[in-house]
Amino acid sequence: MTYQEPDQNGYYGQFGGAYIPEMLYPNVKELKENYEAMIADPKFKEEFDGLLKDYVGRPTPLYFAKKLSEKYGAKIYLKREDLNHTGAHKVNNTIGQILLAKRLNKKKIIAETGAGQHGVATATVCALMNLECIVYMGEIDIARQRPNVERMRLLGATVIPAKSGSKTLKDATNEAMRHWINNPTDTHYIIGSVVGPHPYPDMVAKFQSIISEEMKWQLQEKEGRENPDHVIACVGGGSNAAGAFYHYLDALDVNLVAVEAAGLGVESGESAATTALGTPGVLHGSKTILMQTNDGQVVEPYSISAGLDYPGIGPIHAHLFDSGRAQFKYVTDDEAMTAGVELSRLEGIIPAVESAHAFAALGKMDFKPDDVVVVNLSGRGDKDLETYIKWGNY
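Start counting the sequence shown at 3; every next residue gets the next number (our numbering).
These are calculated hints, taken from the structure and not from any lab test.
As the structure is a computational prediction, the values presented were derived from the model and not from experiment.
Accuracy of the hints is not assured; some may be wrong.
Listed next, the in silico SDA-like pairs over lysine to any residue satisfying Cα-Cα at most 25 Å (straight line) [to be verified]: (1) Lys34 / Glu215; (2) Lys169 / Glu302; (3) Lys55 / Arg82.
Whole structure, please, built from the sequences with the hints as guidance.
This is the structure in structure tokens:
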């Protein structure tokens, strides 16, 4: 097995699979068969690529960050996913999945969202394709990501608050899963990350792999080689990281750096550093690493970032951690916010708070002057202005 592809049962090493209620098996089987047929269909590829180019605005630039490079002593490039339509990488996946939903003749679309970027991307493609859209979002996230909530509503989506548990991403995912279980025939669930039952992690990773596909030819143009020395990306569930890592997973000379949210500190009790604090278990339909008590109850995560405030990671990342293929780093709220302000001041780019975690990892690494580093700038910071204002240290 390569690092890219799960086995026939959807496992990456010991992680993955489909742990789902019996009534969802027909849905997941239908999804898997149609997804595999669809991505092999040249007509799908043509339509998918066409929408990414003309609607989303791809390819996104690979930008050489001169002042950031001078500060950290390496050649640092930014993969500008923040310049996509809707402001983040999430739309790469929702374009692919909405085409699948149309192929399956589904009438309703549901989604979960934390930071709101996946919700906006789902509402966007539902408006494009004239499909009903329902987005589940934690009550706390609705309050801290108000601009994205209003964007979803403006696009015609119904936003339903998740009021249980921590009232964040985990709970929104729980509610979306319940809806899908109760409405299996007419509804497609667009999962926003590389989580959930097989084939979702594989499907989302493949739709997001456009990120590293572009990076390879862009680096060839700029550096005369396809492979960087380091690729850095933030990880909650991990879809932007899966996309940025995808075409380098089996290139063992490329150092893959996954950055998790440490919140108030890994050992503070207020953290979302899953690989530091978690153990193997089942969450949202797959076996992965998650934060849980000794008797298997999910431990509530915490991060200043709504998109990283999740108690698990996708099974592909659990395998990368378990096998040692990727290096995992942990960044606190303050470190992330400081890095976000630094990028704003040095390069004139305000990153999403999620993406700011990836930039904070630069200060935790040792580089050689000729190292080529790509940081995946997964989203723009417009949605997080209130968070920056409340933090205030700028």
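Status of each hint after checking the structure:
Distance check on the hinted pair: lysine 34 and glutamate 215 sit about 23 Å apart at the alpha-carbon level, within 25 Å; holds. Restraint check for lysine 169 and glutamate 302: satisfied, since their Cα atoms lie roughly 10 Å apart, inside the 25 Å limit. For the given pair, lysine 55 sits about 15 Å from arginine 82 by alpha-carbon distance, which is consistent with the 25 Å threshold.
Every hint from the earlier list agrees with this structure, and none is contradicted.
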